[in-house]
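In order, the protein sequences belong to chains G and L. For the record, in the first sequence the residue sitting at position 127 is 127 according to our numbering, with numbers rising by one throughout. For the record, in the second sequence the residue sitting at position 50 is 50 according to our numbering, with numbers rising by one throughout.
Just so you know, these hints were derived from the structure itself, not from any lab. Quick reminder that beta carbons are idealized off the backbone N, C-alpha and C, glycines included. Be careful, since some hints might not be right.
The list that follows gives simulated cross-link-like pairs (lysine-lysine, DSS-like), each with its CA atoms no further than 27 Å apart [unchecked claim]:
| id | chain 1 | residue 1 | chain 2 | residue 2 |
| --- | --- | --- | --- | --- |
| 1 | L | K11 | L | K164 |
| 2 | L | K210 | G | K18 |
| 3 | L | K143 | L | K153 |
| 4 | G | K4 | L | K280 |
| 5 | L | K162 | L | K258 |
| 6 | L | K153 | L | K58 |
| 7 | L | K13 | L | K250 |
| 8 | L | K164 | L | K250 |
| 9 | G | K60 | G | K151 |
| 10 | G | K112 | G | K139 |
| 11 | G | K4 | L | K81 |
| 12 | L | K19 | L | K325 |
| 13 | L | K136 | L | K210 |
| 14 | L | K81 | L | K13 |
| 15 | G | K11 | G | K138 |
| 16 | G | K4 | L | K210 |
| 17 | L | K305 | G | K4 |
| 18 | G | K139 | G | K60 |
| 19 | L | K258 | L | K58 |
| 20 | L | K13 | L | K136 |
| 21 | L | K28 | G | K151 |
| 22 | L | K250 | L | K136 |
| 23 | L | K189 | L | K223 |
| 24 | L | K325 | L | K258 |
| 25 | L | K305 | L | K384 |
| 26 | L | K287 | G | K18 |
| 27 | G | K109 | G | K141 |
| 28 | G | K141 | L | K287 |
| 29 | G | K11 | L | K143 |
| 30 | L | K143 | L | K194 |
| 31 | L | K343 | G | K151 |
| 32 | L | K162 | L | K194 |
| 33 | L | K210 | G | K11 |
| 34 | G | K18 | L | K305 |
| 35 | G | K4 | L | K287 |
| 36 | G | K151 | L | K287 |
| 37 | G | K18 | L | K81 |
Chain G side only, calculated, beta carbon under 10 Å to chain L, not exhaustive [unchecked claim]:
| id | residue |
| --- | --- |
| 38 | K4 |
| 39 | S7 |
| 40 | V8 |
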Amino acid sequence: MREKILSVIEKESRVEIKDLAIRLGLNEIDVANEIKAMEEEGVICGYHTLIDWEKTSIEKVSALIEVRVTPQRGQGFDNIAERIYQYPEVNAVYLISGGYDLLVTLEGKSLKEISLFVSEKLSTLDPVLSTATHFILKKYKDHGTVLSRPKTDERESFVL
Amino acid sequence: MRNPLSDEVVKIKPSGIRKFFDIVAEMKDAISLGVGEPDFDTPWHIREEGIYSLEKGKTFYTSNSGLKELREAICEYVDRKYNVSYTWNTDVIITVGGSEAIDIGLRAMLNPGDEVLIPQPSYVSYEPCTILAGGKPVIIDLKAENEFRLTEKELRDAITDKTKILILPFPNNPTGATMEREDLEAIAKVCVEKDIFVMSDEIYAELTYKGEHVSIASLPGMKERTILINGFSKAFAMTGWRLGYACGPKEIIAQMTKIHQFAIMCAPTTSQYAAVEALKNGDDDVKMMRDAYDQRRRFLMNSFKEMGLECFEPFGAFYVFPCIKEFGMTSEEFATRFLEEEKVAAVPGTAFGDSGEGFLRVSYAYSMERLQEAMTRLARFVEKLRKEQGR
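So that you can see chain G by itself, here it is in the shape it has in the complex (with noise of 0.2 Å):
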C-alpha cells in the first residue's frame, strides 16, 4: 500500500485523500491512516510545490557548490554537513562519490549574493578545503518534470 500512495502523492501531492483512496481501490481511512503513519515517521518529509521562477517577477539564481572537506575523526562528514545545511539559502546538501565530497544547492537573490555566501560564509569553514561553484542558467527538466515547454495533446480527437 505504501509503494502505490508514494507513486501517485510524490508527483501529486495535492491529491485528495477520498480520491486517492478511489483510484488506488483502497479503503479510504486506511489510505489517511497510512498517510499519517508515513507523516510521523519521516517517510513524508513535506509537500513541496514545484515552481518555474523564470516565468515569474522574482529574480532567484542558483547555484551547485562542489565542496572538498576534511572528515573529523569519529564524525566523518555529518559535523560539516550540518553546518552548513544550517543556512536558510542552503537547499540541499547531499555527500557525494567521487571527486569532491559535498555537493551544496544555494538559492539566492543574485549572483552577488551567492558569490559573498561561497567566499564568506562557506570556504571560511575550517574543514573546508576548496570550492568550486556552478551557477545555474537555465533548468529545462526539475523533480521530473519538463519546465521548458507545456504538453499539448496532438492526437486525432476520434479514433475507433
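Dock chain L against chain G, hints included.
Then chain L, alone, in the frame of chain G:
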C-alpha cells in the same frame, strides 16, 4: 466515362454515425473522450533505438516476414507472457499494425461464402475486412448481462456448416470486457468440436487489470487453430509506428506472408528496431502505464456510481462502456446532446455495432485532470436530463 469503382468496395457502408463525427469535427473547443490510443509518449529508450537505427543507416527493407531479431524477441515474449511457444522463422509475421494482420489473415483463410463469426460491439474493421476477403460476416450480439463476454451458447447458436473463423476480440474495444480462463475454455471446446479457427485479436492483452491475460492459443488443441494477433500500439504506446504481428500455424502464416509481400513488402524498418527494444526492456513502462490506466478506470467507475449511471466494471483495454438506456435516447442522440450542451465528445456505442445501442464508449487514455473535468460535466448533464424527464 465508365464507373471507376469496385461495386464490392462501394457497398461497404461507412460508419453509421457519420453525422455525429461531422459535428465533432466542427466543434474545436470540445474536450474529447474519443480516442483509441494511449496518451503516453512512446517511452524514450524505445524511441532512441529507432533514432539509433536511423543514425546507423538501417534504412533498408527487412525480410518480408520482418527482422529475425524481432521475430525471435516476439517468440520469447509470447512464450514468457502467454505460455504459447512459436518458431520464429515459420510461425510469425510482422505486420503494419495489428490491423494489417486482421486483413491478411482473413484474406489468407477465407473462400467465397465462408462465414466469419464477429462478436459485437467490437473494433470496426472485422466486418469490412471479412467482406473484402470474400467471406460472410455473421454478427454475434454480445450482451450487457454477460458483461459483454462471448458465451458458449451464443457461439453455438451462431455456428452453421459454413462457419470457418471466430474472431475473438478480447480485451475488448469498446466495452473493456475481458475473457477469463474458464470463459475461454468453454469457447475452445466448441471450436475444437466444430473445427473452427480462431482469430484472436489480443492487441490490448497487456492492459488487463484483474489477473493475467490468458490467450486462447495457450489452451489444449487451440494453438494449431488460432491466429494470435498482437502489436506494439497499445502496450508500448506506439500507435504511430504502425507495428503489429501475427503468430499461428505455419501454413497460414506462409500464405499471409505472400499477401503481405505483394501488398506491403515489409513493416517499417525503424519501427522494427524500436520494437525489439520495447520487448526486451519495456516491462517497467508497460507496468507504469497499466497502473495509471487502472487508477483512471477506478476513478471513472466510481464517478458513474456516484451519478447513478449503470456500468458493468470492465477489466481490460482503456475503455468503459456506461449504459444510457434510462434516458430513452439513442446512443447517438445522447452523445450529440452531450457534445452540444457540455462540449464533451464520447463515442456512441453504435459505432461498434448495433448491439452497442444504449451505450457510450468513454476512453480513459486521458490525463486525470481531463477525466475529472469530463465527469463533472457528465454528472451535470445526467442531472439535467433526469430533471427534464421529471425524475
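Hint by hint, here is what the structure shows:
1. Only pairs whose Cα atoms come within 27 Å are accepted, and L:K11 paired with L:K164 is accepted, the gap being roughly 23 Å.
2. Taken as a hint, the L:K210 and G:K18 pair is honoured in the structure, with Cα atoms around 22 Å apart against an allowance of 27 Å.
3. Our distance criterion of 27 Å between C-alpha atoms is met by L:K143 and L:K153, whose separation comes to about 12 Å.
4. The hinted pair formed by G:K4 and L:K280 meets the criterion: a straight-line CA distance of about 25 Å does not exceed 27 Å.
5. Simply put, L:K162 and L:K258 have alpha-carbon atoms about 25 Å apart, close enough for the 27 Å limit, and the pair holds.
6. With a CA separation close to 51 Å, the supplied pair L:K153 and L:K58 exceeds the 27 Å bound.
7. With a CA separation close to 34 Å, the supplied pair L:K13 and L:K250 exceeds the 27 Å bound.
8. The suggested pairing of L:K164 with L:K250 holds, with an alpha-carbon distance near 18 Å, which does not exceed 27 Å.
9. Between G:K60 and G:K151, the direct Cα distance comes to roughly 25 Å. Compliance with the 27 Å bound is thereby established for this hinted pair.
10. For the hint pairing G:K112 with G:K139, the CA-to-CA distance comes to about 20 Å; that is within 27 Å, so the pair holds.
11. A hinted pair counts as satisfied when its Cα atoms are at most 27 Å apart, and G:K4 with L:K81 qualifies at roughly 24 Å.
12. Restraint check: the Cα-Cα separation between L:K19 and L:K325 comes to about 21 Å, which is no more than 27 Å; the hinted pair holds.
13. Between the alpha carbons of L:K136 and L:K210 the distance comes to roughly 35 Å, so the proposed pair goes past 27 Å and is violated.
14. For a cut-off of 27 Å, the pair hint linking L:K81 to L:K13 is broken: about 38 Å separates their Cα positions.
15. Taking the CA atoms of G:K11 and G:K138, the gap is about 22 Å. The hint holds against a cut of 27 Å.
16. Only pairs whose Cα atoms come within 27 Å are accepted, and G:K4 paired with L:K210 is accepted, the gap being roughly 17 Å.
17. Between L:K305 and G:K4, the direct Cα distance comes to roughly 24 Å. Compliance with the 27 Å bound is thereby established for this hinted pair.
18. Between G:K139 and G:K60, the direct Cα distance comes to roughly 12 Å. Compliance with the 27 Å bound is thereby established for this hinted pair.
19. For the given pair, L:K258 sits about 24 Å from L:K58 by alpha-carbon distance, which is consistent with the 27 Å threshold.
20. Annotation: proposed proximity of L:K13 to L:K136 holds, straight-line Cα distance about 15 Å (limit 27 Å).
21. Proximity of L:K28 to G:K151 is assessed by CA-CA distance (about 18 Å); at most 27 Å being required, the pair is judged to hold.
22. Straight-line distance between C-alpha atoms of L:K250 and L:K136 comes to about 25 Å, which keeps the hinted pair within the 27 Å bound.
23. The suggested pairing of L:K189 with L:K223 holds, with an alpha-carbon distance near 13 Å, which does not exceed 27 Å.
24. Using a Cα cut-off of 27 Å, the hinted pair L:K325 and L:K258 is violated, with the two alpha carbons roughly 47 Å apart.
25. Between L:K305 and L:K384, the direct Cα distance comes to roughly 17 Å. Compliance with the 27 Å bound is thereby established for this hinted pair.
26. Restraint check for L:K287 and G:K18: satisfied, since their Cα atoms lie roughly 24 Å apart, inside the 27 Å limit.
27. As the CA atoms of G:K109 and G:K141 are separated by approximately 21 Å, the hinted pair is consistent with the 27 Å bound.
28. A hinted pair counts as satisfied when its Cα atoms are at most 27 Å apart, and G:K141 with L:K287 qualifies at roughly 24 Å.
29. At most 27 Å may separate the alpha-carbon atoms for a hinted pair to count; G:K11 and L:K143 exceed this at roughly 40 Å.
30. Of the supplied pair hints, the one linking L:K143 and L:K194 holds, its CA atoms being roughly 23 Å apart against a limit of 27 Å.
31. Pair hint L:K343 plus G:K151 holds up; C-alpha atoms about 21 Å apart against a cutoff of 27 Å.
32. Note on L:K162 and L:K194: the hinted pairing holds, with a Cα-Cα distance of about 11 Å set against a maximum of 27 Å.
33. With a CA separation close to 25 Å, the supplied pair L:K210 and G:K11 stays within the 27 Å bound.
34. At roughly 15 Å between alpha-carbon atoms, G:K18 and L:K305 fall within 27 Å of each other, so this suggested pair holds.
35. The suggested pairing of G:K4 with L:K287 holds, with an alpha-carbon distance near 12 Å, which does not exceed 27 Å.
36. Restraint check for G:K151 and L:K287: satisfied, since their Cα atoms lie roughly 22 Å apart, inside the 27 Å limit.
37. Taking the CA atoms of G:K18 and L:K81, the gap is near 35 Å; set against the 27 Å cutoff, the hint is violated.
38. Evaluation of the G:K4 hint against chain L yields a held restraint, the C-beta minimum of about 8 Å falling below 10 Å.
39. Among the interface hints, the one on G:S7 holds; its C-beta lies about 8 Å from the nearest C-beta in chain L, closer than the 10 Å criterion.
40. For G:V8, the suggested interface contact is upheld, since its CB lies about 7 Å from the closest CB of chain L, less than 10 Å.
Hint compliance for this structure: hints 6, 7, 13, 14, 24, 29, 37 are broken, all remaining hints hold.
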